[in-house]
Amino acid sequence: DGGITQSPKYLFRKEGQNVTLSCEQNLNHDAMYWYRQDPGQGLRLIYYSQIVNDFQKGDIAEGYSVSREKKESFPLTVTSAQKNPTAFYLCASSIGSAGGYTFGSGTRLTVV
Amino acid sequence: GIQVEQSPPDLILQEGANSTLRCNFSDSVNNLQWFHQNPWGQLINLFYIPSGTKQNGRLSATTVATERYSLLYISSSQTTDSGVYFCAGSSNAGGTSYGKLTFGQGTILTVHP
Numbered sequence: 001d002g003g004i005t006q007s008p009k010y011l012f013r014k015e016g017q018n019v020t021l022s023c024e025q026n027l028n029h030d031a032m033y034w035y036r037q038d039p040g041q042g043l044r045l046i047y048y049s050q051i052v053n054d055f056q057k058g059d060i061a062e063g064y065s066v067s068r069e070k071k072e073s074f075p076l077t078v079t080s081a082q083k084n085p086t087a088f089y090l091c092a093s094s095i096g097s098a099g100g101y102t103f104g105s106g107t108r109l110t111v112v
Numbered sequence: 001g002i003q004v005e006q007s008p009p010d011l012i013l014q015e016g017a018n019s020t021l022r023c024n025f026s027d028s029v030n031n032l033q034w035f036h037q038n039p040w041g042q043l044i045n046l047f048y049i050p051s052g053t054k055q056n057g058r059l060s061a062t063t064v065a066t067e068r069y070s071l072l073y074i075s076s077s078q079t080t081d082s083g084v085y086f087c088a089g090s091s092n093a094g095g096t097s098y099g100k101l102t103f104g105q106g107t108i109l110t111v112h113p
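Protein sequence lines, in the order shown, are assigned to chains C and L.
Counting in the numbering used here, the first sequence runs from 1 upward without gaps.
Counting in the numbering used here, the second sequence runs from 1 upward without gaps.
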C-alpha cells in the first residue's frame with residue numbers, strides 16, 4: 001500500500017543533542033512537508049520541499065535542518081539550537097501545488 | 001500570511017446528532033482541505049475542496065471561496081467521529097504558496113454514546 005512512513009514513533013533527546021526524524025513516502029509525490037504540533041494547538045510549518053535537492057523554510061525553521069536527496073525521503077534534523085523541541089512532528093506529502101495532503105503517523109519527540 | 005479561524009473550538013454531541021463546523025479565512029485561499037485527527041495523532045484527509053460541495057458518506061463539505069469560508073457537516077454522528085477537525089488552506093497571494101497549508105486551531109469533537 002502507498003503511504004508515508006515516519007520513524008521512530010517515540011524519540012527521547014538529551015539536552016545538546018541533534019536528532020534526526022525519518023520520513024519516507026512511496027506515493028510518487030513531488031512535494032513534502034514537515035509540521036510541528038504542540039499540545040492543544042494547530043500545525044505549524046517547519047520546512048517544505050517542492051522537488052529533489054530543493055527545500056524552503058517554513059514559519060518556524062530556526063533550530064531545524066532538512067535534506068531532499070531522494071524524491072522518497074525528507075529527513076528532519078532537530079538541532080541543539082532548537083530551544084523547545086518537545087513536540088509532535090508530522091510529515092506530509094502532496095502530488096504538487098494543488099493536491100490533497102497525505103500525512104504520516106508522526107513522531108513524538110521529548111527532551112529529557 | 002493568512003489567518004484561519006475555526007468554530008466552535010469544542011463541541012459535545014450525543015450519538016446520532018448532526019453538527020456543522022466552520023472555517024473562516026482572512027484572505028482568499030486555494031488548496032482548502034479538511035482533516036480529522038484521531039486520538040493517536042493520525043491525520044486523515046477528509047476533503048480537498050477549494051470550492052463547491054462534496055459528500056463522502058455521513059460527511060459533506062461546502063466551500064464558498066468568494067466569501068472565504070468553508071463548512072463541514074457531520075450527520076448521524078458516531079463515537080468514532082470523536083477527535084480534532086482541522087481545516088487548512090494555502091494563500092493565493094503572489095502565487096508563491098505552492099501547497100503550503102496554514103492550519104486552523106481545530107475543533108475538538110466529542111461524541112457520547
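Please keep in mind that the hints were generated in silico from the structure rather than gathered at the bench.
Quick reminder that beta carbons are idealized off the backbone N, C-alpha and C, glycines included.
Don't take every hint at face value.
What the hints assert, rightly or not - Looking from chain C toward chain L, a few residues come up when the C-beta cut is under 10 Å (computed):
no., residue
1, 8
2, 12
3, 42
Stated by the list, open to error - Listed next, the stretches of chain C that the computed footprint assigns to chain L, with coverage defined by at least 3 CB atoms under 8 Å from CB atoms of chain L:
no., region
4, 16 to 29
5, 43 to 50
Against the structure, the hints come out as follows:
1. 8: This interface hint is violated because 14 Å lies over the 10 Å limit.
2. 12: violated, 17 Å
3. 42: holds, 4 Å
4. 16 to 29: Result for this restraint: violated, n = 0.
5. 43 to 50: That given contact holds, which follows from 5 residues of the region 43 to 50 of chain C lying within Cβ reach (below 8 Å) of chain L.
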